[in-house]
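*Asks:* Sequences and hints are given; from them, build the entire structure.
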Amino acid sequence: MGPLIPNGVIPYEWNNIIAILIGIFFGFILEASGFSSSRKLAGVFYGYDFAVLKVFFTAALVALIGILYMDYLGYLNMEQLYIHPTYLWGAIIGGVIMGVGFVAAGFCPGTSLCAVAIGKIDAIVYVIGIMIGIFIFSELYTVFEPIYNGYFEGNITLMDSLGVNRYWFAFIFTIIAIVAFAASDMIRKRVKKIFY
Amino acid sequence: MNIDNQKNKHVYWNPYFGGFLLGILILFTFYMTGRGLGASGAMKSGVVTIVDALASNHAEHNAYYSKFVKEEKSPLNSWLVFEALGVLIGAFISGGLAGRIGWRVQHSPKITSKRRLIFALGGGILFGIGAQIARGCTSGAALSGMAVLSTGGFITMLAIFGTGFLVAYFFRKNWI
Numbered sequence: 001m002g003p004l005i006p007n008g009v010i011p012y013e014w015n016n017i018i019a020i021l022i023g024i025f026f027g028f029i030l031e032a033s034g035f036s037s038s039r040k041l042a043g044v045f046y047g048y049d050f051a052v053l054k055v056f057f058t059a060a061l062v063a064l065i066g067i068l069y070m071d072y073l074g075y076l077n078m079e080q081l082y083i084h085p086t087y088l089w090g091a092i093i094g095g096v097i098m099g100v101g102f103v104a105a106g107f108c109p110g111t112s113l114c115a116v117a118i119g120k121i122d123a124i125v126y127v128i129g130i131m132i133g134i135f136i137f138s139e140l141y142t143v144f145e146p147i148y149n150g151y152f153e154g155n156i157t158l159m160d161s162l163g164v165n166r167y168w169f170a171f172i173f174t175i176i177a178i179v180a181f182a183a184s185d186m187i188r189k190r191v192k193k194i195f196y
Numbered sequence: 001m002n003i004d005n006q007k008n009k010h011v012y013w014n015p016y017f018g019g020f021l022l023g024i025l026i027l028f029t030f031y032m033t034g035r036g037l038g039a040s041g042a043m044k045s046g047v048v049t050i051v052d053a054l055a056s057n058h059a060e061h062n063a064y065y066s067k068f069v070k071e072e073k074s075p076l077n078s079w080l081v082f083e084a085l086g087v088l089i090g091a092f093i094s095g096g097l098a099g100r101i102g103w104r105v106q107h108s109p110k111i112t113s114k115r116r117l118i119f120a121l122g123g124g125i126l127f128g129i130g131a132q133i134a135r136g137c138t139s140g141a142a143l144s145g146m147a148v149l150s151t152g153g154f155i156t157m158l159a160i161f162g163t164g165f166l167v168a169y170f171f172r173k174n175w176i
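For the protein sequence lines, the chains are A and B, in the order given. Quick note: the first sequence uses the working numbering, first residue 1, plus one each step. Quick note: the second sequence uses the working numbering, first residue 1, plus one each step.
Keep in mind the hints are simulated off the structure, nothing from the lab. All residues carry an ideal CB built from backbone N, CA and C; glycine is no exception. Misleading hints may appear alongside valid ones.
Said to hold, decoys possible - Here are a few chain B residues that face chain A, going by a calculated C-beta distance under 8 Å: (1) T112; (2) R135; (3) I155.
Stated by the list, open to error - Cut-off 30 Å, straight-line C-alpha distance, at most; resulting in silico cross-link-like pairs (DSS-like, lysine-lysine): (4) B/K173 to B/K9; (5) B/K9 to A/K193; (6) B/K9 to B/K110; (7) B/K114 to A/K192; (8) B/K73 to B/K9; (9) B/K173 to A/K193; (10) A/K189 to B/K173; (11) B/K70 to A/K193; (12) A/K189 to B/K9.
*Replies:* Take a look at the structure:
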């Protein structure tokens with residue numbers, strides 16, 4: 001019955017080894033999908049490449065539906081899964097700042113590691129930038145602390161916030177995804193081609 | 001097989017295929033560990049380790065670093081750091097097989113390398129600050145958060161991409 005390590009089915013010592021293995025597949029999949037290219041990543045914001053939308057949405061949905069299905073079959077106890085906590089203004093403000101950073105640099109931390117691995121110097125500079133940013137945050141922690149620790153709603157899910165059954169969410173997101181994929185292909189046809 | 005390496009270079013997987021595999025991987029990660037994966041946390045551990053090594057007194061007394069500094073083990077001994085190492089290896093293998101390895105600065109032909117590096121640095125700094133505030137990045141908060149329908153994860157995802165679309169106009173010269 002999953003999750004396996006928290007339930008002791010797999011010994012805890014395997015945790016870090018599994019981490020490396022998962023990381024290897026993560027890096028491979030991202031790089032093979034082209035996410036080591038900042039110009040490909042930024043494409044979603046300008047309409048010339050929607051790979052980010054397609055990969056992201058598909059991955060989130062497959063994982064979501066997979067979790068629901070495994071829970072339904074009794075292989076995975078969904079209640080034991082870690083839910084990313086909701087600190088309302090932290091989520092919004094952090095997301096806004098990250099959004100600007102994303103468009104400015106064309107990377108996010110995971111994809112930047114992929115780009116570093118294939119030798120991109122701009123990715124190395126980006127990672128240094130992230131570390132400087134973390135340093136700045138930590139040194140100025142007292143300034144950020146109110147939004148970092150404040151407005152904590154708990155580890156809530158959309159079911160808690162919107163009162164809708166989780167299976168409905170899976171269904172609705174699937175519909176939204178299909179519409180988004182169709183729309184992105186239509187937009188792609190009308191946008192000037194960029195080669196990178 | 002005599003494939004022109006130049007032509008092969010930017011042939012990437014179909015995004016739905018890549019997304020499908022990534023979804024399975026995230027599912028597997030939750031099934032194994034009960035948590036999703038991430039990336040910015042590994043970089044945070046790096047910073048904490050460096051600060052602790054250079055100025056451990058300061059790290060101890062700072063309210064943020066001290067959360068991650070423990071007596072018995074280094075901050076680098078964490079799941080995310082090992083995962084990040086794996087990412088480097090996996091991306092290297094994929095890039096190597098595809099002939100994409102090489103030192104370079106990737107930028108639009110309309111701008112200089114220097115400009116690209118400046119924006120990469122600035123974007124990185126912003127992303128580093130934002131990822132701390134939101135307690136995660138696109139992988140940890142947005143992707144893994146969405147897989148469990150976390151409200152915070154969704155809010156962060158919408159904030160990142162929504163803001164990206166809103167400010168894209170101001171950075172257009174870098175990309176198109």
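*Asks:* Take the hints in turn and mark each one as holding or not.
*Replies:* Going down the list of hints, with the structure as the test:
no.: 1; hint: T112; in the structure: violated (12 Å)
no.: 2; hint: R135; in the structure: holds (7 Å)
no.: 3; hint: I155; in the structure: holds (4 Å)
no.: 4; hint: B/K173 to B/K9; in the structure: holds (25 Å)
no.: 5; hint: B/K9 to A/K193; in the structure: holds (18 Å)
no.: 6; hint: B/K9 to B/K110; in the structure: holds (21 Å)
no.: 7; hint: B/K114 to A/K192; in the structure: holds (26 Å)
no.: 8; hint: B/K73 to B/K9; in the structure: violated (42 Å)
no.: 9; hint: B/K173 to A/K193; in the structure: holds (15 Å)
no.: 10; hint: A/K189 to B/K173; in the structure: holds (21 Å)
no.: 11; hint: B/K70 to A/K193; in the structure: violated (52 Å)
no.: 12; hint: A/K189 to B/K9; in the structure: holds (23 Å)
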